[in-house]
Structure formats: C-alpha cells, structure tokens
Amino acid sequence: MEFELTPEQQQVRDLVREFATQEIAPGAGERDEHEELPLDIVKKLGELGICGVPIPEEHGGLGADAVTWALVIEELGRADASVAVTVSVASGLAAGMIARYGSTEQRQRWLPPIAAGEMLAGFGLTEPGSGSDAAALRTKARLDAGSWVIDGSKSFITNSGTPITGFVVVACRTGDDAGANGVSTIVVPADAPGFSVGAPYRKLGWRSSDTHELSFEGCRVPEDHLLGERGRGLAQCLAALDDGRISIAALSVGLAQGCLDASVRYAKDREAFGRPIGNYEAIAFKLADMRAAIEASRLLTYRAAWLKDRGQPYTTEAAIAKLRASETAVDVAREAIQVHGGYGYTEEFPVARAYRDAKVLEIGEGTSEILRLVIARDLGLQPQV
Amino acid sequence: MNIVVLTKWVPEPEGTPTIGEDGLLVREGADGGLDPGDEYGLEAALQLVEAAGDGEITLLTMGPEIAQAALQRGLAMGAHKGVRITDESLRGADSLVTARVLAAAIKRQPFDLVIGGVESTDGYTGIVPAAIAELLGLPGLTFARELHLSDGTLTIERQTAAGYDVVVAPLPIVITVTAGATEPRYPSLKGVMAAKSKPVETLTLSDLGLSGDDVTPTQTVAEVTDAPPKQGGETVEFDDTTAARIADVLAEAKVI
Ligand SMILES: Cc1cc2nc3c(=O)[nH]c(=O)nc-3n(C[C@H](O)[C@H](O)[C@H](O)COP(=O)(O)OP(=O)(O)OC[C@H]3O[C@@H](n4cnc5c(N)ncnc54)[C@H](O)[C@@H]3O)c2cc1C
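Protein sequences, first through last, are from chains V and W. With my numbering applied, the first sequence covers 1195 to 1579. With my numbering applied, the second sequence covers 274 to 529.
Hint data in this document are derived by calculation from the structure and do not stem from the laboratory. Note that the structure is predicted; figures quoted are calculated from it, not measured. All C-beta atoms in this analysis are idealised placements derived from N, C-alpha and C, irrespective of residue type, glycine included. Check before you lean on any hint, since a few could be wrong.
Pairs of lysine-lysine residues, derived as DSSO-like cross-links and limited to a Cα-Cα distance of at most 30 Å, are as follows [to be verified]:
1) V:Lys1480 - V:Lys1238
2) W:Lys527 - V:Lys1237
3) V:Lys1397 - V:Lys1334
4) W:Lys354 - W:Lys527
5) V:Lys1397 - V:Lys1553
6) V:Lys1397 - V:Lys1237
7) W:Lys471 - V:Lys1238
8) W:Lys503 - W:Lys471
9) V:Lys1237 - W:Lys471
10) W:Lys380 - W:Lys503
11) W:Lys354 - V:Lys1238
12) W:Lys463 - V:Lys1238
13) V:Lys1237 - W:Lys380
14) V:Lys1238 - W:Lys469
15) V:Lys1462 - V:Lys1553
16) W:Lys380 - W:Lys354
17) W:Lys354 - W:Lys503
18) V:Lys1553 - V:Lys1237
19) W:Lys503 - V:Lys1237
20) W:Lys469 - W:Lys380
21) W:Lys380 - W:Lys471
22) V:Lys1462 - W:Lys503
23) V:Lys1238 - V:Lys1462
24) V:Lys1462 - V:Lys1480
Derived contacts from chain V toward chain W, CB cut-off under 10 Å, selection only [as the list claims (entries may be wrong)]:
25) Met1195
26) Phe1197
27) Glu1198
28) Leu1199
29) Pro1201
30) Glu1202
31) Gln1205
32) Asp1208
33) Val1210
34) Glu1212
35) Glu1217
36) Gly1243
37) Gly1296
38) Ser1297
39) Val1568
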C-alpha cells in the first residue's frame, strides 16, 4: 500500500493550487453574483495545460492518469465549484466520451481545442422526463439520406450554451429497442441546424457555470457524427458517469477543504466571551470532525481513481466516493456557516456560496439515492426500483 | 542571444523565517522558492528571446541543494538551462562575495545580457547586480520598468522617484527589472514536465577558479535582535481641536 503522490502528481497539484488560489478564487463571489462564466480563466487553464490533463498527448493533452485529474478538479473545486464543473464536464465527461469512443477523425477534430481551453463541450443525457432513469430517454434520431435527424429535448445540460461551446454529445434513441440497447450517442455541433439552446436556468448554486435546456427539431448532423457503436450509447454514458463520479467526488473534497480552511482561519481570529471561538470545544471538535470527514472522502476518491489507473473495476468505488464526498461537502459547508455565525450567512464570506454550490453535488451524475442503489446491488441486494 | 538571469531561492515571503544561532537564515527544510522579484526579470528575458525568435536563457544561482527548487521553477517557466554554485565556504556570503562568485560564473560563457531583480525578497540589499556590472566592467542599468531591444542596443525606462529616465546602452550589459515591468507567466504543466530534463550544472568555487580568500565576507552578522515593539501611539479625542492636532502630527512626521 502506498499513500504518497508521485512527484508529477504533486507538481500538477501545486501548480493548479497556485493558479486557483491567485487567479480563480478572488473573483469567484462576484462571478457567482453575476452568473458570469469566466471564459478568460478557461482559456488560461488551457494555456497552462490544465484543460488537457486527461486528454491524450497526441491530441494536445497531457495524457495524465485519473489520480492527477482528480487532484486538478479538487484544487479547482477548492477555489470555485463553477469553474471546476465547467472544466470537469468539458475535459472529463465530453472529451472523455470522444477520446474513448471517437473515430480518429472525431478525436482530431474535437480534442485539441478542448485541451487548449478554446472550446467547451457538453454531455447530454438527462431529459425533462428522465433523469435517474436514464434508459427512459425519448429523444429520437433516425437516419435520412446520410444524416441523423434528431427530435427531442434535453434538460440541465452543462456547458451547452457558452460562446465557445463546440458540441454536445447527445444520447438518442436510434433503434426499435425501447430499452437500453436502443440508445446511441451522437456528436451534435453547436451550430447544427435544428439545434436550439433554451434560456439559462436560474440556479441555487454553480451560478457561474452554464446550464440550459436544449431542443432538437429536425436537427440534422452527418451520419459519421455517431459516436462509437450504434446501440451502445447507454453503456457508454454509464461508463463516462463512473469517471464523472470520481470528478464530482474530487470537486466535493475540494469544496469541503475550502470551507474547512476558511473556518479554521475564522475560528482562530474571531473572539467571543474573551477568547477565540476555536478555543471552545464545541467549535474545535466541529472542525476536527470536518477534517476527519474530508480526509475519509479524499482517500475514497483517490482510491477510486487509483483503481481506474490500475485497470481494475471501479464502478462501486466511484459511487461510494461520490456518495460520501458529496454528503460530506454539504455537511461541511453547512457547519462552516455555523462556525462563521451571522457573517457566514452573508455573501461577504465564501462559505455561503459554498453551501449553495454544495447541494447539487448530491444530485448531478447520480443522486445519492441512485448511488446507494448501485452500492446495495454490489452487496447482492435487489432493492425495489 | 544569450541571457543570464540571476535566480535566488528565498524563504516563503509571507512566512516568518528562522534565524540560526550564527545569525544566518536557516534555509534547509524551510518553505520557499524562486524569489518573486526574480520572476519579473525572467519574464523579461523570455519575452526578449520570444521576440528575437532565438536565444538561450541560463539561470544562475548560488545556494545549497534547496536552491534547486528555484531553478526548477525558472526552467518550468521556460528558461533553457541552469547553473548552481554551491560550496561550504559560501555560507554567510555577503553581497560582495555573492557578486564575485556570480560574476566569475557569468564570465565562463559568452553572454549578451545579465538580468536581475531589483533586490531580493529576503536580504533586500539591492547591491548584487550593480556589483556584478562593476566586476564585469559593464554598464549597469537598474530599475528598468520597460525595455526595448533593437540592433544590439537596449533602451530602458529607468524608474525614478519623480518619473522615469530613458537610458540606452549597447550590449552586453547588466540590468535590473522592477515589478512593474512584466507580468510573470505561470509555468505550464508541460513546462513543469520538460523542466526535469533540462540541464543543470553544479559548480564549486574551484570550478570557477576562486579560492577561499575571494569569498571571505567583508561583512558579518554580529547579532540579531527583535525589532522593538510598536509604541502605543497617541489617541486624539474628538473635539474642536482634533483637526488641528492631526495636522500638527502629520507636519511633525513631515508627511505634509
Ligand atoms: C446544475 C446541474 C447540472 C447538470 N448537468 C447535467 C449535464 O451536463 N448532463 C446531463 O445529462 N445531466 C445534467 N444534470 C442532470 C442531473 O444529472 C439530474 O438532475 C440527475 O441525474 C437527477 O435526475 P432528475 O433531476 O430527473 O431527478 P429524478 O430522477 O426525477 O429524481 C428525483 C428524486 O427521486 C429520486 N429517485 C429517482 N429514482 C429513484 C429510485 N429508483 N429509488 C429511489 N429514489 C429515486 C432521486 O434520487 C431524486 O431524489 C444536471 C443537473 C443540474 C442540477
């Protein structure tokens, strides 16, 4: 057993931490207030090579391992959850689908601009009528004269309507099979005719990340935009979500760590009844519990990533990491506000934003309930769905 | 074009450094890295080389093993190679000794430009670059807040208290660059990875043809004491005379 990061992993983490602390964290509150996606930061992250960390070297990335990618998302999440999810969805989920299932042509077209931070991309699975029950999706695609013609809609699609959105990977029903085997994924370029992006959602958190409902009305894309094998779409998406769950777990760990750092600082500084509040057991033990929960979540997250790097199964471990880390993030953010008292309830301190940003971690890429289902099934149980 | 950038490892500028019993800074095991003041000069060097389309940047440092971290940072930012001079007898070196050692190392190879920061973030003497210029018999152009190179001539805007002077000199020269001159880049991840395979030469005093006499400090630390605690100051009660009293205080302090 080995708990030490490699020198490369440490260097990547240190660089992302330095950049995130100096360049991302300071404006996070203001961007949240104005729901402003920082394209300049995305560009900069591209220039530094951070957007390319999981993308293969031959396509302009670093081709780094899953542990390194988790470290990147953790550090981004510590500074600004919205930036972290933006990069995680583009370079992780969307680019990951292309890297894993794309043809050489698709890889050459879509991966280098994402690695460079010049393009964002989305992953479109959820629909107005189907979220957790992804196999119930209804968006349809049929072949007509060498093109896919897509009709339907998608909900809550991250990165789908930014000025630099290049494409969305869209899960569609392409067969007569009404179940899981009738689904395929298609790369829909942002400028495809018949593809339209709805107004942005007004969200509780992740406010400077970009989320829209999408509609497809006779949307035409060339036949070769099919990703991988026809009929394998749902399996592809679920595999991508295993990776996505490691990222959300890492984001949760980072967010919680940011809350702990802020709380410790505050507890040493703020005085009540003649001494720093951190010298009261009620506060000190709260901080100790926060730390213990964060470190447990971090180890679970790194382990899931490490299993992936070793080529071993990690579906259950990714679910466990995401479940524990996201619930820890919500708990820690809530208690961080408690430590800050009334000031924590204001937007003057970053913990209020963290609390708002944390909640969706228990929802996206598998709700806590669905994750418990995955874990229970691995115990050999068949809970009622 | 060959540029030598003076590079120093300093303790974490926001931390509290540890002073040893001999009155010298304890570097081993401390948090720290490349002096932020040196990054401006390195950035200027990178921009000059990028604009010229060719050239080589050599980082030069004097310091123990830990100084390697400063070199790695500079190499990750884009410098081409590093030279580190280390020698037991250099412990406690003062500004003159440092300048002699660095000048001897600079002379080993042809160069066009030596760039340093205005002063280091730990010692703050601000003497070394000018002393190097003197030892090399070259013009020393200090406090550059902007620089332009054309046809082997460097023109700088030299920051002064009142504004700036324009100073022109033909290469080779020694310059120092202020914090306002450039915005240092972050190293890219590829830069960080590439830095590991860039050459770093480690030299001792004898490699430079220097002996113990050349590096005997002319300045030694006799004692280190804490700065006196701040005095309480004066509280001025608010009444009709307050404004006048504040004006007097400011006048006494020669602020107004
Ligand atoms: C900000 C944001 C960004 C998002 N980005 C994307 C994106 O980029 N791409 C994308 O495809 N999706 C995205 N989503 C959608 C997200 O993945 C879904 O919201 C999530 O999967 C849950 O689906 P749902 O909202 O339809 O809820 P539902 O599935 O309707 O669930 C409602 C509740 O019922 C529970 N539930 C459902 N089924 C069961 C069951 N069998 N047993 C017990 N409990 C159950 C759920 O856990 C939940 O508590 C995003 C969502 C948000 C909020």
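How the hints compare with the structure:
no.	hint	verdict
1	V:Lys1480 - V:Lys1238	violated, 37 Å
2	W:Lys527 - V:Lys1237	violated, 49 Å
3	V:Lys1397 - V:Lys1334	holds, 28 Å
4	W:Lys354 - W:Lys527	violated, 49 Å
5	V:Lys1397 - V:Lys1553	holds, 11 Å
6	V:Lys1397 - V:Lys1237	holds, 24 Å
7	W:Lys471 - V:Lys1238	holds, 25 Å
8	W:Lys503 - W:Lys471	violated, 48 Å
9	V:Lys1237 - W:Lys471	holds, 27 Å
10	W:Lys380 - W:Lys503	violated, 47 Å
11	W:Lys354 - V:Lys1238	holds, 26 Å
12	W:Lys463 - V:Lys1238	holds, 14 Å
13	V:Lys1237 - W:Lys380	violated, 41 Å
14	V:Lys1238 - W:Lys469	holds, 23 Å
15	V:Lys1462 - V:Lys1553	holds, 27 Å
16	W:Lys380 - W:Lys354	holds, 16 Å
17	W:Lys354 - W:Lys503	violated, 46 Å
18	V:Lys1553 - V:Lys1237	holds, 28 Å
19	W:Lys503 - V:Lys1237	violated, 47 Å
20	W:Lys469 - W:Lys380	holds, 26 Å
21	W:Lys380 - W:Lys471	holds, 21 Å
22	V:Lys1462 - W:Lys503	holds, 23 Å
23	V:Lys1238 - V:Lys1462	violated, 35 Å
24	V:Lys1462 - V:Lys1480	holds, 14 Å
25	Met1195	violated, 27 Å
26	Phe1197	violated, 22 Å
27	Glu1198	violated, 18 Å
28	Leu1199	violated, 14 Å
29	Pro1201	holds, 8 Å
30	Glu1202	holds, 7 Å
31	Gln1205	holds, 5 Å
32	Asp1208	holds, 9 Å
33	Val1210	holds, 9 Å
34	Glu1212	holds, 7 Å
35	Glu1217	holds, 8 Å
36	Gly1243	holds, 3 Å
37	Gly1296	violated, 23 Å
38	Ser1297	violated, 26 Å
39	Val1568	violated, 33 Å
In the structure shown, a violation is registered for the earlier hints numbered 1, 2, 4, 8, 10, 13, 17, 19, 23, 25, 26, 27, 28, 37, 38, 39, in ascending order.
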